[in-house]
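Engineer: All chains should be built: construct the whole structure from the sequences, respecting the hints.
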Amino acid sequence: MKKLINDPQDVVEETLQGFAAAHADLVEVSLDPAFVRRAGGAVAGKVGLVSGGGSGHEPLHAGFVGRGMLDAAVPGAVFTSPTPDQVAPAFEAADSGAGVLAIVKNYTGDVLNFETAVELAEAEDRRVLSVVVNDDVAVEDSLYTAGRRGVAGTLAVEKIAGAAAERGDDLDAVADVARRVVANVRSMGVALSACTVPHVGRPSFDLADDEIEIGIGIHGEPGRHKVPMASADEITDQLLAPVVEDLSLADGEDVLLFVNGIGGTPLSELYVVYRRARSVLEAQGVRVTRSLVGSYVTSLEMQGASVTVLRLDPELTTLWDAPVHTAALRW
Amino acid sequence: MKKLINDPQDVVEETLQGFAAAHADLVEVSLDPAFVRRAGGAVAGKVGLVSGGGSGHEPLHAGFVGRGMLDAAVPGAVFTSPTPDQVAPAFEAADSGAGVLAIVKNYTGDVLNFETAVELAEAEDRRVLSVVVNDDVAVEDSLYTAGRRGVAGTLAVEKIAGAAAERGDDLDAVADVARRVVANVRSMGVALSACTVPHVGRPSFDLADDEIEIGIGIHGEPGRHKVPMASADEITDQLLAPVVEDLSLADGEDVLLFVNGIGGTPLSELYVVYRRARSVLEAQGVRVTRSLVGSYVTSLEMQGASVTVLRLDPELTTLWDAPVHTAALRW
Amino acid sequence: MTLDVTWALLWVRLTAESVRAAKDELTELDRVIGDGDHGENLDRGFTAVSAKLGALEEQPARIDEVLKIVATTLMSKVGGASGPLYGTAFLRAAKVTGIPELDSQGVVALLEAALEGITARGHAEAGQKTMVDAWQPAVDAAEAAAGAGDDPERVLAAAARAAADGARSTTPMVATKGRASYLGERSAGHEDPGAASTRLILDAAVRAAEERG
Amino acid sequence: MTLDVTWALLWVRLTAESVRAAKDELTELDRVIGDGDHGENLDRGFTAVSAKLGALEEQPARIDEVLKIVATTLMSKVGGASGPLYGTAFLRAAKVTGIPELDSQGVVALLEAALEGITARGHAEAGQKTMVDAWQPAVDAAEAAAGAGDDPERVLAAAARAAADGARSTTPMVATKGRASYLGERSAGHEDPGAASTRLILDAAVRAAEERG
Ligand SMILES: Nc1ncnc2c1ncn2[C@@H]1O[C@H](COP(=O)(O)OP(=O)(O)O)[C@@H](O)[C@H]1O
Ligand SMILES: Nc1ncnc2c1ncn2[C@@H]1O[C@H](COP(=O)(O)OP(=O)(O)O)[C@@H](O)[C@H]1O
Ligand SMILES: [Mg+2]
Ligand SMILES: [Mg+2]
Ligand SMILES: [Mg+2]
Ligand SMILES: [Mg+2]
Chain A
1 MKKLINDPQD VVEETLQGFA AAHADLVEVS LDPAFVRRAG GAVAGKVGLV
51 SGGGSGHEPL HAGFVGRGML DAAVPGAVFT SPTPDQVAPA FEAADSGAGV
101 LAIVKNYTGD VLNFETAVEL AEAEDRRVLS VVVNDDVAVE DSLYTAGRRG
151 VAGTLAVEKI AGAAAERGDD LDAVADVARR VVANVRSMGV ALSACTVPHV
201 GRPSFDLADD EIEIGIGIHG EPGRHKVPMA SADEITDQLL APVVEDLSLA
251 DGEDVLLFVN GIGGTPLSEL YVVYRRARSV LEAQGVRVTR SLVGSYVTSL
301 EMQGASVTVL RLDPELTTLW DAPVHTAALR W
Chain B
1 MKKLINDPQD VVEETLQGFA AAHADLVEVS LDPAFVRRAG GAVAGKVGLV
51 SGGGSGHEPL HAGFVGRGML DAAVPGAVFT SPTPDQVAPA FEAADSGAGV
101 LAIVKNYTGD VLNFETAVEL AEAEDRRVLS VVVNDDVAVE DSLYTAGRRG
151 VAGTLAVEKI AGAAAERGDD LDAVADVARR VVANVRSMGV ALSACTVPHV
201 GRPSFDLADD EIEIGIGIHG EPGRHKVPMA SADEITDQLL APVVEDLSLA
251 DGEDVLLFVN GIGGTPLSEL YVVYRRARSV LEAQGVRVTR SLVGSYVTSL
301 EMQGASVTVL RLDPELTTLW DAPVHTAALR W
Chain C
1 MTLDVTWALL WVRLTAESVR AAKDELTELD RVIGDGDHGE NLDRGFTAVS
51 AKLGALEEQP ARIDEVLKIV ATTLMSKVGG ASGPLYGTAF LRAAKVTGIP
101 ELDSQGVVAL LEAALEGITA RGHAEAGQKT MVDAWQPAVD AAEAAAGAGD
151 DPERVLAAAA RAAADGARST TPMVATKGRA SYLGERSAGH EDPGAASTRL
201 ILDAAVRAAE ERG
Chain D
1 MTLDVTWALL WVRLTAESVR AAKDELTELD RVIGDGDHGE NLDRGFTAVS
51 AKLGALEEQP ARIDEVLKIV ATTLMSKVGG ASGPLYGTAF LRAAKVTGIP
101 ELDSQGVVAL LEAALEGITA RGHAEAGQKT MVDAWQPAVD AAEAAAGAGD
151 DPERVLAAAA RAAADGARST TPMVATKGRA SYLGERSAGH EDPGAASTRL
201 ILDAAVRAAE ERG
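Protein chains in written order, with my numbering: chain A, 1 to 331; chain B, 1 to 331; chain C, 1 to 213; chain D, 1 to 213.
Careful, some of the hints might be misleading.
Here are the computed distance ranges between Cβ atoms for each label pair [claimed, not checked]:
1. B:Ala283 x A:Asp25: 16 to 26 Å
2. A:Pro228 x B:Asp206: 23 to 33 Å
3. D:Gly54 x A:Ala183: 55 to 65 Å
4. B:Ala208 x A:Lys226: 22 to 32 Å
5. A:Asp254 x B:Asp206: 47 to 57 Å
6. D:Glu101 x B:Asp170: 51 to 61 Å
7. A:Pro228 x B:Ala208: 21 to 31 Å
8. B:Asp32 x A:Pro228: 30 to 40 Å
Derived DSS-like pairs (lysine-lysine); straight-line CA-CA distance at most 25 Å [as the list claims (entries may be wrong)]:
9. A:Lys226 x B:Lys2
10. A:Lys2 x B:Lys2
11. D:Lys68 x D:Lys95
12. D:Lys52 x D:Lys68
13. A:Lys2 x C:Lys23
14. C:Lys23 x C:Lys52
15. C:Lys95 x C:Lys68
16. C:Lys23 x C:Lys68
17. D:Lys52 x D:Lys95
18. D:Lys23 x B:Lys2
19. C:Lys52 x C:Lys95
20. B:Lys226 x A:Lys2
21. D:Lys68 x D:Lys23
22. D:Lys52 x D:Lys23
23. C:Lys68 x C:Lys52
Derived by calculation from the structure, the hints in this document are not laboratory data.
For each residue, glycine too, the CB sits at the ideal point set by N, CA and C.
Structural biologist: Here it is in structure tokens:
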């Protein structure tokens, strides 16, 4: 294992310290309990947005704290959901009195810890609603799994709900918008290599030189199946098809196409994937009216990519376009 | 070799096609000869800025085409400088009549090919000045080398010269600002792993599990020396010390601190490096007044980072802060 | 032959020790079918529990006080799925142990409450390849042993043995809850990390009863 | 025993073939002390030269026309350091070969002009571990052979042999020009890729003279 880290135990704290120093204009960082909040604190009258989860997915979530997106982010240990005693103070920091929306990726750990934090917050008469993101079509949402996972689509939920909160929507309305994004966003990912959790010291799974994992999550878990290495176009087709099918995309619909790098993949390869995904969508009559290409929801240094499609309507498009000023996303 | 690509021969072209489709609001792409220009063409009365070099360093340079930065970028084959018959039309595309500044990284191939393109442009009565970037302190600038290489500091030259051109400086003034940045910016990088050029199919150098390469360039070449793997703090110190020394930084000076990822390194590790570099600089009385952390000048999927320091004065600071709207850098 | 606060404190200490010793093993189980943090998570939690108890001016005088400290500390330090699950287990267990000493029925009540806490939070049942597959047979065995008139130490021993068998029984299972469920069929052939850590915890309870006895 | 345009065309074809055959070898040399593209660069260049010649309605009638096509095509297709260097070499060579046939002095003039082109652009001299270390001895040997009255074919053969020795002589050198210079002492022990490709090019010239003869 070669990483630019010091003691594996200190990775999250030192990352936060660096992040705080580099972005002092945008964020304030609490180290114990660990959470990141917007510089200047909760915005009067605005619904507060809080998200969080295990570390190792940077820039998610701390990189999305700022105007037009999150009010606070709560990083757990690497790939480990944060604890209620981190989440509850983040709720407090984000609440100007207009209530808080918690954006939770659908993992048992995240759901349970946020659930407990919501109970703590309610005991203090804070109003918190939760939205659970589950965009990963690799996992069947059925009796046989813990339900679909939340992956790169989380970015779209945070961006669009953030814009709704910023324009002054009340808590129920912001939650509604967030749920509308959740209902219309789907993703699927591939790993070309595993990643190594610092304190584990060895790769999260074994993969031969000519194999890839299709249907991976973002916690170093292997995918739904190993398949032989293939061309970018073939792999992209395998990622896109179930996404399009699950969304039942129809001719003439508008979408956001988001090609996300999993951490160790160069930007050039993401554009190769984007090129193919876009041309396949267009051949089906789907109009790609918004795009995002980059490594935003990652698994440490894992090599691979995911393809996310969000069905757009005029309101979601307007909210996507609304200004955002965070460390990782800005326009 | 596992990469999200199709035929290695098509990597550059397919990357450009994806880039063009994803950023149609910002750029227009010519495929043969290959170059990227600002959407809308040369800006009347403004000095045109052109840069280029081998591909494999994305988002450099095409990701920096747009308002406040480059007017055109010229990508060669992977790690191979572009040819004069690509560069000359890019000069033409960037020239509104106010002349063109070519920003060239100091590699024999880049220098020779741009030189030839400048000769071709001059034969057509186009005014082109060149600035050669050579910020890499790993290489001694002496009789014994081809001179210091241009690495991550190139971003600062392009950003700041871009802002000078945008505010209306004439060609000589823009070139002067660019040279001032070159004179005040220094970098040094480390590789934790090699990278694989698509058509080569095997890693650019061999590195044991407990070794790293200090003083690497950005073309997969090994560094000045192999050293044993060490902590992030120790490695950062090894990168920063020669940079600070070469700049002769003094107590009380202002700097931009830029921690750049080489391609396969997660953002979290870059913040760990940033944290250390910043605290060392501050302990020396140097004030870090501007910061950038991210993977901007890369070597395919190589793991590693570089540390760049730019000595700032009020004018350079203002130009750094000026608005920029490109695919990879925006504020 | 009842169990008192000395037993509870010793239980916690032995659990912390054995989690520390098995940290890499638990993490390895979780690396294969999960995300490779279970050993680290529990070790962080029980290390914090030990620190918390060590920092107290006065040691707790009652079993339920000990279990409540364990509960709140695990809840606030572990994270992941296992943090709230074990946290709730110990919290519910604390609620039924507000008495000076535990007889056999008291031990059964403690274990039943713990299992209820886990299922209330996690909605899993036996057969889904989770820690429930260790806790459920442990509770069943404890109930049977107590019904047969065994003393608390033997009730615990029966529970621990059943938990160990239960943990082993998760190996061939296909997970339908927790992170391992994402693997579908590929989750079969590996022991569930949470069931394995449950075995450690109940085993420590037995050893605490023996050492104290 | 002079060399004409048939020779020049055959030289180009044999060069293209031997660059294609040695592509991986050249790339491997460049991978070790450079950036691993030299074989790819030259192959792209000479493939384009062949295509360009193949697409002409009428084949060039003079040596200098052939060399000019090689020059401009390499310049516009190769990139890297070797593109402008070889491009300029062939451009200068074309300038001194505007005559129907080359005698021994003509061959010497061609080689001298090529070397001058390379040093004019690259400012390298012998001993710096570049293609100059193959070209310089080639020119010296050609001058000596022509001075001794050898025919063009033998002049070329002497040049090619000297280039091969020159290429080999780069192995122990520490590079002070080009990309390999970044490696400092670590560049010693490996042959320079540009010197190696120079050997191939001159070797093809000899074979073209032999086959045609
Ligand atoms: N819904 C659930 N009910 C009961 N136990 C569960 C449930 N989900 C997960 N677990 C248990 O939690 C263990 C994993 O814990 P841990 O690795 O610490 O958390 P995470 O899965 O969040 O990384 C699993 O091995 C399993 O025994
Ligand atoms: N200044 C120079 N003068 C002469 N030859 C040079 C010079 N610099 C580099 N070369 C030659 O160019 C070769 C490398 O060519 P190539 O790999 O195609 O380009 P690049 O170095 O740009 O990747 C070297 O092996 C060397 O022989
Ligand atoms: Mg976890
Ligand atoms: Mg090159
Ligand atoms: Mg786990
Ligand atoms: Mg090369």
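Engineer: Please go over all the hints and tell whether each is borne out by the structure.
Structural biologist: Checked hints:
1. B:Ala283 x A:Asp25: 16 to 26 Å: Since the Cβ atoms of Ala283 (chain B) and Asp25 (chain A) sit about 22 Å apart, the hinted range of 16 to 26 Å holds.
2. A:Pro228 x B:Asp206: 23 to 33 Å: 27 Å, holds
3. D:Gly54 x A:Ala183: 55 to 65 Å: For Gly54 (chain D) and Ala183 (chain A) the Cβ distance comes to about 59 Å; the hint holds.
4. B:Ala208 x A:Lys226: 22 to 32 Å: Since Ala208 (chain B) and Lys226 (chain A) have Cβ atoms about 28 Å apart, the given range 22 to 32 Å holds.
5. A:Asp254 x B:Asp206: 47 to 57 Å: 49 Å Cβ-Cβ, so the 47 to 57 Å window holds.
6. D:Glu101 x B:Asp170: 51 to 61 Å: 55 Å, holds
7. A:Pro228 x B:Ala208: 21 to 31 Å: The hint (21 to 31 Å, Cβ to Cβ) holds, given that Pro228 (chain A) and Ala208 (chain B) are roughly 30 Å apart.
8. B:Asp32 x A:Pro228: 30 to 40 Å: Given range 30 to 40 Å: holds, Cβ gap about 33 Å.
9. A:Lys226 x B:Lys2: 14 Å, holds
10. A:Lys2 x B:Lys2: Judged against 25 Å, a Cα distance of about 19 Å means the pair holds.
11. D:Lys68 x D:Lys95: Within the cut-off at roughly 8 Å; holds.
12. D:Lys52 x D:Lys68: Status holds; Cα separation ~12 Å.
13. A:Lys2 x C:Lys23: 22 Å, holds
14. C:Lys23 x C:Lys52: 20 Å, holds
15. C:Lys95 x C:Lys68: 8 Å, holds
16. C:Lys23 x C:Lys68: 23 Å, holds
17. D:Lys52 x D:Lys95: The given pair, whose Cα atoms are some 20 Å apart, holds under the 25 Å limit.
18. D:Lys23 x B:Lys2: Holds. Lys23 (chain D) to Lys2 (chain B) sits at ~22 Å (cutoff 25 Å).
19. C:Lys52 x C:Lys95: 20 Å, holds
20. B:Lys226 x A:Lys2: Status holds; Cα separation ~14 Å.
21. D:Lys68 x D:Lys23: 23 Å, holds
22. D:Lys52 x D:Lys23: Given pair Lys52 (chain D), Lys23 (chain D) holds - Cα atoms ~20 Å apart, limit 25 Å.
23. C:Lys68 x C:Lys52: 12 Å, holds
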